[in-house]
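There are 2 protein chains.
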Amino acid sequence: MSIQELKDRLAEIKKIDSIGAVLHWDQETYMPEGAGDARAEHISYLSTLAHRLHTGQEFLNCLKGLVNMETGEPLQPQTDADTRRMLYLAWKDYRDVSTLPADFVKELALLTAKSQQVWQKARVENDFNAFAPYLEKIIDFKRKEAEYYGYTTTPYDALIDKFEPGMNTEKITILFNRLKEALVQLVKDIREKGTPIDDKPMQRSFDVDKQWEFGLKVAEVMGYDFTCGRQDKSAHPFTTTFHPTDVRITTRLHKNNFKTAIFSTIHETGHALYEQGLRIDDYGSPLGEPISFGIHESQSRIWENIIGRSRDFWYHFYPQLTGMFSRPLVNINLDRFYKMINTVKPSLIRVEADEVTYSLHIMLRFEIEALLIDGKLEVKDLPAAWDQKMEEFLGIRPEDYKDGVLQDVHWSMGAFGYFPSYALGNLYGAMMVNRMQKDIPDLSETIKSGKLPIIREWLRNNVHSIGHRMDAEELIRKLTGESLSAEPFIHYLEKKYRDIYALPNK
Amino acid sequence: MSIQELKDRLAEIKKIDSIGAVLHWDQETYMPEGAGDARAEHISYLSTLAHRLHTGQEFLNCLKGLVNMETGEPLQPQTDADTRRMLYLAWKDYRDVSTLPADFVKELALLTAKSQQVWQKARVENDFNAFAPYLEKIIDFKRKEAEYYGYTTTPYDALIDKFEPGMNTEKITILFNRLKEALVQLVKDIREKGTPIDDKPMQRSFDVDKQWEFGLKVAEVMGYDFTCGRQDKSAHPFTTTFHPTDVRITTRLHKNNFKTAIFSTIHETGHALYEQGLRIDDYGSPLGEPISFGIHESQSRIWENIIGRSRDFWYHFYPQLTGMFSRPLVNINLDRFYKMINTVKPSLIRVEADEVTYSLHIMLRFEIEALLIDGKLEVKDLPAAWDQKMEEFLGIRPEDYKDGVLQDVHWSMGAFGYFPSYALGNLYGAMMVNRMQKDIPDLSETIKSGKLPIIREWLRNNVHSIGHRMDAEELIRKLTGESLSAEPFIHYLEKKYRDIYALPNK
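Sequence lines, in order, name chains A and B.
Note that my numbering gives residue 220 to position 220 of the first sequence, counting from 1, and the numbers run on in steps of one.
Note that my numbering gives residue 286 to position 286 of the second sequence, counting from 1, and the numbers run on in steps of one.
Derived from the structure by calculation, the hints contain no laboratory data.
Since we're looking at a predicted model, the values are computed, not measured.
Each residue gets a CB set at the ideal place from its N, CA and C atoms; glycine is no exception.
There could be a bad hint or two in this list.
[Said to hold, decoys possible] Only some residues are given here: those of chain A computed to face chain B with a beta carbon under 10 Å:
#1 19
#2 41
#3 228
#4 232
#5 243
#6 245
[Unchecked claim] Cβ-Cβ distance ranges computed for the label pairs, FRET-style:
#7 396(B) / 323(A): 48 to 56 Å
#8 56(B) / 102(A): 18 to 26 Å
#9 457(B) / 323(A): 20 to 28 Å
#10 252(B) / 327(A): 47 to 55 Å
#11 439(A) / 37(B): 30 to 38 Å
#12 103(A) / 103(B): 40 to 48 Å
#13 226(A) / 107(B): 30 to 38 Å
Please model the entire structure based on the sequences and the hints provided.
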């Protein structure tokens, strides 16, 4: 068997996935509503086709001829590093895809398709009991899935590994416990001792067309290549990739919520720069994939928060912003604006949370997922557990299910193990920026002068173009000499928010 | 072999085609320019996949088990009519697809891809000689293709049959000779004896956003279902179908050319109504395909011309139009407007031609194609032949190649045999409307009152929902009791334009 044959087979599967992504993008942006069933059928055809090719005997024979199927090591000992890595990733993907019986995959797909509909209705109707039996079934399936994959310590580990290869419950627990302790204290200090910020002007009327225009301008200055990308509108912002030369983002616009559109555009542009920065000649190879969900999230969060909510960033953009929105921003200087986009306030909804409280929302979900999957929490007791943890983490309690335990789509999709990546992205991001500051000593000036492509280039060279040649742990160690830690992120937040809220430094 | 297995295989091929259509639609509407190569690769993957499935041994075995491969008759004599027809069409498609050797298809695809680029440049640079060697090669290929398909009288027949099943050079020549005679005379009468129409106001400034809005409104009144369709912008207007529940049109807008956008929207909506009117449960079966290019064109031309350029139509819409465009249409009454959208003037460019001269452009191309394919005209003599025929048909001569022989994309694509369908569409359309007038006696009132869905329903019942259960000839005979003739179209034009140009009736 030749390496080329394996590459061709992998590239074919990748092409099918990319084509499916086009259909999905269209579904979320322009597809007429009546076309839903036909589109589902077309998308399902493509995923079945990809799955069939990936799990078929021909693929297996090809892989077997190249790789030790027990270890993922190449059969040819003198294989170069890239090929060795490619073979390992192909072997690992194959194990993941082929481990689950086809019937199991099909039943789970049917269940989650149905569950998402049930969840959507249940959320609107604030009816946890309608969703509960579906959630129970999904958890059963995910436990079975974990058994199929195998694990050493706890079944939840097997699920986490699919989003964050190399991570597990124990490692995350250590990171999150430290993070929780620091954030709960910081939020408490802000609430009790911080100088309050009045951010009501953010709810003034901001023309949506101008918001759109401004977002595009910011994305362009960040270095998003619009000859290989575009922005459209969708109900929920997302980034999607058909090829490194075709990476698209979406946003949503609200007249009376200026922050939503601009920070979601910056966030998605962060994701998009990652995808645009993958090497074109890696397309179709596992080497050309992003490292993990957490590393992807680090890219969006570096841009959205560390850079996009910095004083330096708005030093550059605020004059343009006030030029476009002279009315709603009248008499609001840069300092006031900077504080308004950085208010910290415990709130019920994860996707609307600020930079400080966001990770608390995640950690709460992580703890609950671990309990559910490991059988230590029953679905019937979930709402009470949710409310109790909201109290513990954020000091507030939801008044209903829809702003509480029913708010996220993830569980109805069966995406257990996904949430931790969001918070890990914050930790990865802070560590990367520490290193970036060493490599770009005048980083603050760079941002102030709007030379953002310098940052994009740093990320491209140090993260994006690597593709999946290393895992997250190795990347972080390579960049910082250390293993993943919550300290840099905590340090960053302490420094920024003690300043904003006029708190004494710790 | 079961019928169901064949249906499943055909449905799979159709799904792949539909998915390819989404990629193509995106390419023409929203795709960022840098994504062209990747998109070409994805589209090519899908068409290769569909071709492989269609020509593979498994498909053949399945078909062989159901159909006499010599005749297309079912092996099971007691097969019902729909299944019999489905099997026949599947057999005919299979012959077409499998007759051409894979290498031949591939080489031709490469040649035409290259030729289109060469043609595009040659047209801009007005350089026929740059395109000529490619055209020669394409003609060689098309002759070979005709040999592969087989024919009784002339190779051109084999090519025509792919666009207009059942048609051939001889039948078309008879129809076109009669049409040519009548149209040349009518154009001559209009030029020499008609009361001239000043249509300069059509070049006034019409706000493009309002044009867009007005076009959408007209399409909606026509009965285009926007829950299963949408309009977007593209360089060249087109209609595309992913499923009967997802049929999309495009248009282009010019500030100083009001007619372009609105009549292209009406034209494409005519095509779209056909596709939306195909039966959903026929999707994936050859029974669910449109009858032919000519029948498709009849639907767009009935709407664009017979209805859309009628006095009755504008009796309904003109008040709304003047409401939106009070400035450019100031002091222009309905009668004047009606005449302005129906001016007849021989011109060089087919796609800008009026309703009367349009078919002359087509007939000229038909005669030339027949000569080229049958080896009676050499490419080096083509420009002279073109100019001479323009003189003969339209009484004018192009001053350069780009407005003459180089104006159409079709030959560079290898689409020989396509042009006749455009004019046949006019003939089919006029015959259908004759019958429609019998079934809807108050047709004029129906249009005047904007009850256009009544017309859509007639077309849906009598044409669209039939799918490909009959060929064009059978459909026309069923509707009119006659075989295809140029007389109804000639009669329609004579009546309409002798009135508009105040010519005595013949």
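In this structure, is the beta-carbon distance linking residue 457(B) and residue 323(A) contained in 20 to 28 Å?
About 55 Å separates the Cβ atoms of residue 457(B) and residue 323(A), which means 20 to 28 Å is violated.
Using 10 Å as the Cβ threshold, decide whether residue 41(A) counts as touching chain B.
7 Å, holds
Do the numbers back the hint for residue 232(A), that is, is its least Cβ distance to chain B under 10 Å?
Holds: closest Cβ of chain B sits about 7 Å from residue 232(A), inside 10 Å.
That 18 to 26 Å hint for residue 56(B) and residue 102(A) (C-beta), does it hold up?
23 Å, holds
At the C-beta level, are residue 252(B) and residue 327(A) separated by a distance inside 47 to 55 Å?
Since the Cβ atoms of residue 252(B) and residue 327(A) sit about 36 Å apart, the hinted range of 47 to 55 Å is violated.
Residue 226(A) versus residue 107(B) beta-carbon gap, inside 30 to 38 Å or not
Holds, at about 37 Å.
How does the Cβ-Cβ distance of residue 439(A) and residue 37(B) compare with 30 to 38 Å: does it lie in that range?
33 Å, holds
Hint residue 19(A) vs chain B: min CB-CB distance below 10 Å?
It holds, given that the least Cβ distance between residue 19(A) and chain B is near 5 Å, below 10 Å.
Does the hinted range 48 to 56 Å hold for residue 396(B) and residue 323(A) at CB?
Holds, at about 54 Å.
Tell me if the beta carbons of residue 103(A) and residue 103(B) are separated by a distance inside 40 to 48 Å.
Because 41 Å falls inside the window, the suggested range holds.
Per-residue hint verdict: residue 245(A), partner chain B, C-beta under 10 Å:
5 Å, holds
Does the interface hint hold: is residue 228(A) within less than 10 Å of chain B, judged Cβ to Cβ?
Constraint on residue 228(A) satisfied, holds at 4 Å.
In summary, the structure is inconsistent with hints 9 and 10 from the numbered list given earlier, while agreeing with the others.
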